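From first to last, the protein sequence lines are chains A and B.
Position one of the first sequence corresponds to residue 114 (the numbering used here), numbered consecutively onward.
Position one of the second sequence corresponds to residue 1202 (the numbering used here), numbered consecutively onward.
Keep in mind that the hints are not guaranteed to be accurate.
[Claimed, not checked] Pairs of lysine-lysine residues, derived as DSS-like cross-links and limited to a Cα-Cα distance of at most 30 Å, are as follows:
#, chain 1, residue 1, chain 2, residue 2
1, B, Lys1383, A, Lys115
2, B, Lys1383, B, Lys1361
3, A, Lys119, B, Lys1383
4, A, Lys115, B, Lys1297
These are calculated hints, taken from the structure and not from any lab test.
All values reported here derive from a predicted model rather than from experimental measurement.
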Amino acid sequence: MKFLEKLMISFVVFLILYTFISVGSRMLELTTIYLSHMYGGIIATIVSLVLLMYMLLKKSNYDR
Amino acid sequence: MITTLLLLAGIIVLDLVILSVDVLVLSLMLLLIAYRYKRNTKFDPLVYGLATSMTVLAIFVDVGLIRSGLLGFSMLNIVMFTGVLPDHWDLTKKLKTYRSFYSILGVIFILPHGYFHLFVDQEIRLFGIAAIVLILPLFLTSFQRIKKEMQLNEWVKLQKLSYVVYLLLFIHLISVAQGYGKIVYAVMLTLYVNNKLVKEFR
């Protein structure tokens, strides 16, 4: 997988998670507007960062 | 050297100049340290541990130097400007040995600044938030152990993300600074962009 693809995948994951969590928590009225963005942002950042690091550090069959 | 460093520290501690000029003074101090003292990588884990402890401490105790982001940004400032200095300079060669060290410490020290503004003061500064989010992968990959596991070309490409971070940082600084601070940061940005373009396209 090319570097740009890895970057794009983690960015898309970030956007999807951020949107789902922040919109979802507001629709279900679980949090305030501020906190919905906060939770969405933090969770999306952590997940997409872990995913990006995994994709960057994973050794592909080609490399082996 | 020690006298010069103490004099510069005095300027910051006595609050003689505005915050944006404090950044320049602190950057100069860090630059002098990098120029004068040879880096010993043996103590890196210890320094990172101490920095993390100070960062945690800054959450409970008001350490202005860390909470204002002054220390973190000054370190990132050195990392930034190392990239625009001519490669053949002795200063550049010495700064390059400190580059990853300062970038890791810079991010560690800038995190409490983000924490306080976002969670305690509940201020939303979009450019600042975006800069911190984007700097996290760069921070993680600055560690030698992680860098070794990556392919070199991917590491280099990822580090180019730092240009976006620098731009976001400067936009954030210019938007939050007051009075002459805006001019100081704008001049710094202009100098950076100008010298980087000159270096790349010469």
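Here is how each hint holds up against the structure:
1. Only pairs whose Cα atoms come within 30 Å are accepted, and Lys1383(B) paired with Lys115(A) is rejected, the gap being roughly 40 Å.
2. A hinted pair counts as satisfied when its Cα atoms are at most 30 Å apart, and Lys1383(B) with Lys1361(B) qualifies at roughly 26 Å.
3. For the hint linking Lys119(A) to Lys1383(B), the alpha-carbon distance of about 37 Å lies beyond 30 Å, and the restraint is violated.
4. Distance check on the hinted pair: Lys115(A) and Lys1297(B) sit about 28 Å apart at the alpha-carbon level, within 30 Å; holds.
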